[in-house]
Amino acid sequence: MCRVIDLQQAVLAKNDACAHTLREDLAARGTAVVNLLSSPGSGKTALLERELTLARSRGVPVAALTADLATENDAVRLARSGVPVKQVLTDGLCHLEAEMLGGHLDGWLPSDTRLLFVENVGNLVCPASYDLGETLRIVLASVTEGEDKPLKYPTAFGLAHLVVVTKTDIARAVGFDEAAFRANVERVNPGVEVVLTSVRGGEGDGVLLDRALAARDGGPVHIPVMTRQSHHVHDVGHRHPHDRGTADRVADSGAVGSSRS
Amino acid sequence: MHEMSIALAVVDQVESAARPDGATGVSSVRLEIGELAGVVPDALAFSFQLACEGTVLAGAELITEAVVARARCIPCAESWPVGMPPRLSCPGCGGASVELLSGRELRIAGVSWHDAQVPTPTHEER
Ligand SMILES: Nc1nc2c(ncn2[C@@H]2O[C@H](COP(=O)(O)OP(=O)(O)OP(=O)(O)O)[C@@H](O)[C@H]2O)c(=O)[nH]1
Ligand SMILES: [Mg+2]
Ligand SMILES: [Zn+2]
Ligand SMILES: [Zn+2]
Numbered sequence: 001m002c003r004v005i006d007l008q009q010a011v012l013a014k015n016d017a018c019a020h021t022l023r024e025d026l027a028a029r030g031t032a033v034v035n036l037l038s039s040p041g042s043g044k045t046a047l048l049e050r051e052l053t054l055a056r057s058r059g060v061p062v063a064a065l066t067a068d069l070a071t072e073n074d075a076v077r078l079a080r081s082g083v084p085v086k087q088v089l090t091d092g093l094c095h096l097e098a099e100m101l102g103g104h105l106d107g108w109l110p111s112d113t114r115l116l117f118v119e120n121v122g123n124l125v126c127p128a129s130y131d132l133g134e135t136l137r138i139v140l141a142s143v144t145e146g147e148d149k150p151l152k153y154p155t156a157f158g159l160a161h162l163v164v165v166t167k168t169d170i171a172r173a174v175g176f177d178e179a180a181f182r183a184n185v186e187r188v189n190p191g192v193e194v195v196l197t198s199v200r201g202g203e204g205d206g207v208l209l210d211r212a213l214a215a216r217d218g219g220p221v222h223i224p225v226m227t228r229q230s231h232h233v234h235d236v237g238h239r240h241p242h243d244r245g246t247a248d249r250v251a252d253s254g255a256v257g258s259s260r261s
Numbered sequence: 001m002h003e004m005s006i007a008l009a010v011v012d013q014v015e016s017a018a019r020p021d022g023a024t025g026v027s028s029v030r031l032e033i034g035e036l037a038g039v040v041p042d043a044l045a046f047s048f049q050l051a052c053e054g055t056v057l058a059g060a061e062l063i064t065e066a067v068v069a070r071a072r073c074i075p076c077a078e079s080w081p082v083g084m085p086p087r088l089s090c091p092g093c094g095g096a097s098v099e100l101l102s103g104r105e106l107r108i109a110g111v112s113w114h115d116a117q118v119p120t121p122t123h124e125e126r
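First to last, the protein sequences are chains A and B. Counting from 1, position 47 in the first sequence corresponds to residue 47 in the UniProt record's numbering; the numbering is continuous, with no gaps. Counting from 1, position 89 in the second sequence corresponds to residue 89 in the UniProt record's numbering; the numbering is continuous, with no gaps.
Careful: at least some of the hints might be erroneous.
[Claimed, not checked] Here chain B is said to cover these stretches of chain A; the calculated rule only asks that three of the stretch's residues, wherever they fall, bring their Cβ under 8 Å from a Cβ of chain B: (1) 2–11; (2) 53–65; (3) 198–208.
[As the list claims (entries may be wrong)] Here chain A is said to cover these stretches of chain B; the calculated rule only asks that three of the stretch's residues, wherever they fall, bring their Cβ under 8 Å from a Cβ of chain A: (4) 8–15; (5) 42–49; (6) 52–65.
For the record, the hints were derived by calculation from the structure and aren't laboratory data. Just so you know, even glycine gets a beta-carbon here, dropped at the ideal spot from N, CA and C.
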């Protein structure tokens with residue numbers, strides 16, 4: 001016989017559940033994850049190297065994990081800061097998933113780590129959908145990428161807890177229109193903070209570290225409109241018994257799991 | 001593209017639902033994709049075909065339903081379709097006390113499958 005089943009399951013429920021568990025397990029040992037997303041070449045590694053170096057000089061225990069499709073170059077650069085660094089090669093996968101991240105932390109992440117910075121694969125589409133159990137999601141764009149990046153990648157920018165502009169030392173040369181960029185960010189993610197940085201000019205020194213430590217210590221974290229969902233409006237009466245309930249999601253409020261049902 | 005990861009997750013979930021129920025073949029899977037889900041339906045359809053091969057879903061049709069993204073301003077009690085690129089601040093008051101009503105769905109809505117067994121009624125059955 002043939003039957004039709006009302007499944008009502010979020011496709012990314014498994015990733016969201018893994019992310020939720022990872023966030024709780026890490027929080028229990030005092031570690032918060034910072035997930036860095038941007039296009040290839042926006043300056044994630046350069047900025048991270050600077051902030052890791054600063055953390056080390058201040059005696060803040062941090063670590064970094066960097067994901068790339070190929071090469072260990074980023075890990076080599078980040079390791080110059082002197083903090084624990086791990087390179088993950090994604091074997092063709094264009095993004096990290098929570099379960100993968102968790103697996104890579106086992107037996108590596110030092111137990112006193114306060115902040116774990118994760119440099120995601122350079123890509124503004126795919127990583128946006130995967131919650132990694134982060135406390136802070138930072139989306140970066142360099143001044144050379146054009147002011148309309150946030151409009152072209154609304155899911156990535158719309159889910160950011162913090163937006164970072166990089167390479168401001170060359171902003172004038174490329175005619176970067178800061179006001180237009182800010183307006184575009186505001187359109188897809190009203191209220192999110194936008195900070196300016198440059199590793200060449202020294203602008204915004206320590207800003208990643210400061211924001212990340214504040215979030216880790218329970219300070220207020222921006223809640224993007226895209227994560228403020230009214231579940232009751234469109235889901236009443238359709239919840240599958242195995243689906244993860246609303247209470248679960250609310251406890252994670254501000255977390256960026258993509259498929260809250 | 002992460003459409004392959006998404007397709008594999010869909011196949012995985014449908015299999016775990018269908019297998020214990022004795023499904024012998026899945027004819028179609030209905031998927032709701034919100035405008036803001038960050039998934040390209042065409043790319044997904046291609047990946048889905050590949051992901052189904054060699055599983056109980058082999059040959060299954062993927063039916064995608066686009067879900068329009070809508071937001072609501074809490075103080076104004078007004079809602080609007082956010083459009084693309086989305087406008088998530090209130091068009092009325094410009095405020096940010098806004099919530100999303102729909103648009104990030106990535107959800108398996110329904111599955112139809114065949115089985116050889118006598119039906120065991122469940123609450124899920126129509
Ligand atoms: N002028 C200038 N160049 C920078 C700055 N930050 C990074 N760059 C340059 O931008 C290029 C890319 O920087 P990376 O740090 O490798 O960028 P990424 O985002 O890690 O790149 P992927 O990991 O490949 O996605 C390098 O040539 C850097 O030297 C900056 O603040 N100013
Ligand atoms: Mg890099
Ligand atoms: Zn991809
Ligand atoms: Zn309003």
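These are the hints, each one checked on the structure:
no.	hint	result
1	2–11	holds (count 10)
2	53–65	violated (count 0)
3	198–208	violated (count 0)
4	8–15	holds (count 5)
5	42–49	violated (count 0)
6	52–65	violated (count 0)
The structure fails to meet hints 2, 3, 5, 6 from the earlier list, while all remaining hints are met.
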